[in-house]
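Number of protein chains: 2
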Amino acid sequence: MHTPKGYRFATIEANLKYSGRRDLALLVSDLPAAAAGVFTTNVFQAAPVVVAKSMLEARPFARAVLINAGNANACTGEQGIANCRHTLELVGDAAGLMPEEILPASTGVIGMQFNMEKWTSAAAPLAAALGSNTAEDFARTIMTTDAFPKLVSRTVELDGKPVSLLAVAKGAGMICPNMATMLSVFITDAAVDPALWQEMFRAGVEESFNRVTVDGDTSTNDTVFGLANGASGVTVTGANRERMQQAVTAVMREIAYMLVQDGEGATKVIHINVTGAAHTADAERAARTVGHSPLVKTAMYGRDANWGRIVAALGRSGAAFQPEDVVVTMCGVELFRNGQPTDTDFDTLLEPLLKERDIVLDIELGHGTGSYTLLASDLTHEYININADYRS
Amino acid sequence: MHTPKGYRFATIEANLKYSGRRDLALLVSDLPAAAAGVFTTNVFQAAPVVVAKSMLEARPFARAVLINAGNANACTGEQGIANCRHTLELVGDAAGLMPEEILPASTGVIGMQFNMEKWTSAAAPLAAALGSNTAEDFARTIMTTDAFPKLVSRTVELDGKPVSLLAVAKGAGMICPNMATMLSVFITDAAVDPALWQEMFRAGVEESFNRVTVDGDTSTNDTVFGLANGASGVTVTGANRERMQQAVTAVMREIAYMLVQDGEGATKVIHINVTGAAHTADAERAARTVGHSPLVKTAMYGRDANWGRIVAALGRSGAAFQPEDVVVTMCGVELFRNGQPTDTDFDTLLEPLLKERDIVLDIELGHGTGSYTLLASDLTHEYININADYRS
Numbered sequence: 005m006h007t008p009k010g011y012r013f014a015t016i017e018a019n020l021k022y023s024g025r026r027d028l029a030l031l032v033s034d035l036p037a038a039a040a041g042v043f044t045t046n047v048f049q050a051a052p053v054v055v056a057k058s059m060l061e062a063r064p065f066a067r068a069v070l071i072n073a074g075n076a077n078a079c080t081g082e083q084g085i086a087n088c089r090h091t092l093e094l095v096g097d098a099a100g101l102m103p104e105e106i107l108p109a110s111t112g113v114i115g116m117q118f119n120m121e122k123w124t125s126a127a128a129p130l131a132a133a134l135g136s137n138t139a140e141d142f143a144r145t146i147m148t149t150d151a152f153p154k155l156v157s158r159t160v161e162l163d164g165k166p167v168s169l170l171a172v173a174k175g176a177g178m179i180c181p182n183m184a185t186m187l188s189v190f191i192t193d194a195a196v197d198p199a200l201w202q203e204m205f206r207a208g209v210e211e212s213f214n215r216v217t218v219d220g221d222t223s224t225n226d227t228v229f230g231l232a233n234g235a236s237g238v239t240v241t242g243a244n245r246e247r248m249q250q251a252v253t254a255v256m257r258e259i260a261y262m263l264v265q266d267g268e269g270a271t272k273v274i275h276i277n278v279t280g281a282a283h284t285a286d287a288e289r290a291a292r293t294v295g296h297s298p299l300v301k302t303a304m305y306g307r308d309a310n311w312g313r314i315v316a317a318l319g320r321s322g323a324a325f326q327p328e329d330v331v332v333t334m335c336g337v338e339l340f341r342n343g344q345p346t347d348t349d350f351d352t353l354l355e356p357l358l359k360e361r362d363i364v365l366d367i368e369l370g371h372g373t374g375s376y377t378l379l380a381s382d383l384t385h386e387y388i389n390i391n392a393d394y395r396s
Numbered sequence: 005m006h007t008p009k010g011y012r013f014a015t016i017e018a019n020l021k022y023s024g025r026r027d028l029a030l031l032v033s034d035l036p037a038a039a040a041g042v043f044t045t046n047v048f049q050a051a052p053v054v055v056a057k058s059m060l061e062a063r064p065f066a067r068a069v070l071i072n073a074g075n076a077n078a079c080t081g082e083q084g085i086a087n088c089r090h091t092l093e094l095v096g097d098a099a100g101l102m103p104e105e106i107l108p109a110s111t112g113v114i115g116m117q118f119n120m121e122k123w124t125s126a127a128a129p130l131a132a133a134l135g136s137n138t139a140e141d142f143a144r145t146i147m148t149t150d151a152f153p154k155l156v157s158r159t160v161e162l163d164g165k166p167v168s169l170l171a172v173a174k175g176a177g178m179i180c181p182n183m184a185t186m187l188s189v190f191i192t193d194a195a196v197d198p199a200l201w202q203e204m205f206r207a208g209v210e211e212s213f214n215r216v217t218v219d220g221d222t223s224t225n226d227t228v229f230g231l232a233n234g235a236s237g238v239t240v241t242g243a244n245r246e247r248m249q250q251a252v253t254a255v256m257r258e259i260a261y262m263l264v265q266d267g268e269g270a271t272k273v274i275h276i277n278v279t280g281a282a283h284t285a286d287a288e289r290a291a292r293t294v295g296h297s298p299l300v301k302t303a304m305y306g307r308d309a310n311w312g313r314i315v316a317a318l319g320r321s322g323a324a325f326q327p328e329d330v331v332v333t334m335c336g337v338e339l340f341r342n343g344q345p346t347d348t349d350f351d352t353l354l355e356p357l358l359k360e361r362d363i364v365l366d367i368e369l370g371h372g373t374g375s376y377t378l379l380a381s382d383l384t385h386e387y388i389n390i391n392a393d394y395r396s
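As they're listed, the protein sequences go chains A and B.
In terms of this note's numbering, the first sequence opens at residue 5 and continues consecutively.
In terms of this note's numbering, the second sequence opens at residue 5 and continues consecutively.
Derived by calculation from the structure, the hints in this document are not laboratory data.
Predicted model only: the values in this text are computed from it and were never measured.
Just so you know, even glycine gets a beta-carbon here, dropped at the ideal spot from N, CA and C.
Check each hint, because a few of them may be wrong.
Some chain A residues judged to face chain B by a derived CB distance under 8 Å, without partners named [stated by the list, open to error]:
{"no.": "1", "residue": "F48"}
{"no.": "2", "residue": "C79"}
{"no.": "3", "residue": "G81"}
{"no.": "4", "residue": "F152"}
{"no.": "5", "residue": "P153"}
{"no.": "6", "residue": "L299"}
{"no.": "7", "residue": "T302"}
{"no.": "8", "residue": "A303"}
{"no.": "9", "residue": "G312"}
{"no.": "10", "residue": "A316"}
{"no.": "11", "residue": "R320"}
{"no.": "12", "residue": "G343"}
{"no.": "13", "residue": "P345"}
Okay, derived cross-link-like pairs now, SDA-like style, lysine to any residue, Cα gap no bigger than 20 Å in a straight line [unchecked claim]:
{"no.": "14", "chain 1": "A", "residue 1": "K165", "chain 2": "A", "residue 2": "R245"}
{"no.": "15", "chain 1": "B", "residue 1": "K359", "chain 2": "A", "residue 2": "K165"}
{"no.": "16", "chain 1": "B", "residue 1": "K9", "chain 2": "B", "residue 2": "P36"}
{"no.": "17", "chain 1": "B", "residue 1": "K57", "chain 2": "A", "residue 2": "P327"}
The following block holds chain A by itself, in its conformation from the complex:
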């Protein structure tokens, strides 16, 4: 684990909703960190999303990130916003921070107000725990229906000196049973100008978090925060920027992959690579239509090289191409060309390969140079079990 310098973690059992497990996590940077955030595009935005966005618009620096699991504080109206701000005051007082230095995020049931007494009791023990927990504890604490904690780190050398990057994330379906989902926190000890950091951070998110799908649903709480505190003594500038960007994007891609791998009930990660589109937008359209198609997703679960469902999805995607120019290749085996299935005995060839977790699906549209890659999960019995659990 390459934990960036100058960060401390605290995780406690606050009993906000869960009992018998840690559900409140705080991360503090010893130095003020350049701060970036990317939020859900859903019209319905949870209270912590509204609060964090306005904080980052006011000043692009932060000292801490505070996350609770169990209650998403979404669809809670003005009271929810007031409660969110009050939690920042409580924790700020206990930890010696200004409320406006603490970025909030929440995940859990929606439409329910916080129990502020529990929050009041939690603030002091949370502050006292700072430094006694690890990033992995943090990753575990923010889980809801996740099957495993998600944590990625690496070190990159800039100007001959090491810089560390670390990301944690939670999120299994885009919205679990009444749960709001995807949260991630990315930290580094590089020093970066806030405007540049925002730009690099957004570029990384576009290449990673924005290119995965479990069920196409986006929640009221989706949030990715990024802090760069400069504790390594290395500054990101024009000369080393490209190298840092590569490391940021690579770490984000790894953690985004884990989100798909842990998609609700998922058994597969389908790597959909669309090439030859008229432009990037068309490539994305084609990739998303295939990646969201329930028929393609169930076929992958069923280990079925069902080219028909793939081309049918492409054909309704709205992407421009001629049917006879399309080539569909699965795990290196060509399934479809010249408007027809190939003569290959692809079922036999693919049988062992479709048992693997990772399935590579290459789609060439033969219409231009636009390309796009999307990671998608499959659609399984377990997805239905998780999401259609009879209430009584």
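On the provided structure of chain A, position chain B as indicated by the hints.
Chain B alone, transformed into the frame defined by chain A:
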């Protein structure tokens, strides 16, 4: 059953793919009928779609509709088109019809060429059977994975005289395991000018077939044909047009409802009524995003009044509205208003209602006068069973 005058039906076991069941169906109008067709918008179009479209563009009249089940003749290239035309010649010769008077449609596996020897053997017995079968036999013969035959008829009085309308359809998922799907044939004994008939027919399709969804996938073969042969002696004109349009649309709506009811593995028909949108397009956007959401569909299967998944889907639909203006009502019980869940004990109130097949979901966006209704199926264990059947 109100079978329109002047139509005869034939159905036989042609063993084109299935054995032990009828798989080839012919419908002949004694008089030349004004003919209309609406086809899949998929870029990949099956041979019979290509052929039928060009026939209707050349002349808007037909005498017959020929449908086979088991082989969709899709993704079969030039050979598939030649084979399709050849089947029309074979059946035309046997039945005393010109090939260009017979509209073709196919459903079944894709990427496989017809067995033309079987077609050659089938033509004479098919022609010989004309008049010995019923519309219900026709509906049964075109089934693939359908759980029940789909047939609707009614009589309407125009100018004091009866006119009959009848529709048959097949289609369970939009694409079944390697199967291409939705076919429907609509016949009436009214006399209608072909241009007017095309217009009325399209208006009906827009209000019915285009407003249902099972899994959002559209196939290479989707086709709806309409014949109006005038055998009733009643002509549709300016004066009675509105009444005829209402009957056409009503019959189409009934048969489209059956398609959702028989959606693969479906246990529910969700009636999604969006009102108060900025315009129709926004209302449709909102309805489709809710109707395609796997989380909403699994919640309905699970009899769960999960307002959170509904508002999250609305929030990412792209429709314009203010979160606090949205009102969500399920089976008459208000779930969500003022940006928050209502105080009603809706789980208790809805418990008996959510056991019913039909679930009415009213969504008011409070932003304008645009409205749209979509019928959607739920997403169930059985859908996964049907579509993810392990090959071996």
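So, going through the hints one by one against the coordinates:
1. Among the interface hints, the one on F48/A holds; its C-beta lies about 4 Å from the nearest C-beta in chain B, closer than the 8 Å criterion.
2. Against a cut-off of 8 Å between C-beta atoms, the interface hint on C79/A holds, since the closest Cβ of chain B lies about 5 Å away.
3. The interface hint given for G81/A holds, since its Cβ lies 5 Å from the closest Cβ of chain B, which is under the 8 Å cut-off.
4. Among the interface hints, the one on F152/A is violated; its C-beta lies about 22 Å from the nearest C-beta in chain B, farther than the 8 Å criterion.
5. The criterion of a C-beta within 8 Å of any C-beta in chain B is not met by P153/A, whose closest approach is roughly 24 Å, and the hint is violated.
6. Interface hint status for L299/A: upheld, as the beta-carbon distance to the closest one in chain B is roughly 5 Å, under 8 Å.
7. Hint on T302/A holds. Least Cβ distance to chain B is approximately 4 Å, under the 8 Å limit.
8. Satisfaction of the interface hint for A303/A is found here, the shortest Cβ-Cβ separation to chain B being roughly 7 Å, below the 8 Å cut-off.
9. Satisfaction of the interface hint for G312/A is found here, the shortest Cβ-Cβ separation to chain B being roughly 5 Å, below the 8 Å cut-off.
10. At a threshold of 8 Å, the smallest CB-CB gap from A316/A to chain B is about 6 Å, leaving the interface hint in force.
11. Satisfaction of the interface hint for R320/A is found here, the shortest Cβ-Cβ separation to chain B being roughly 5 Å, below the 8 Å cut-off.
12. For G343/A, the interface hint holds, since its Cβ comes within 8 Å of a Cβ in chain B; the closest pair sits about 5 Å apart.
13. With 8 Å as the threshold, the beta carbon of P345/A comes within range of chain B, its nearest partner Cβ sitting at about 4 Å, so the hint holds.
14. Proposed proximity of K165/A and R245/A is supported: the alpha carbons are some 14 Å apart, at most 20 Å.
15. Note on K359/B and K165/A: the hinted pairing is violated, with a Cα-Cα distance of about 64 Å set against a maximum of 20 Å.
16. Restraint check for K9/B and P36/B: satisfied, since their Cα atoms lie roughly 13 Å apart, inside the 20 Å limit.
17. Distance check on the hinted pair: K57/B and P327/A sit about 17 Å apart at the alpha-carbon level, within 20 Å; holds.
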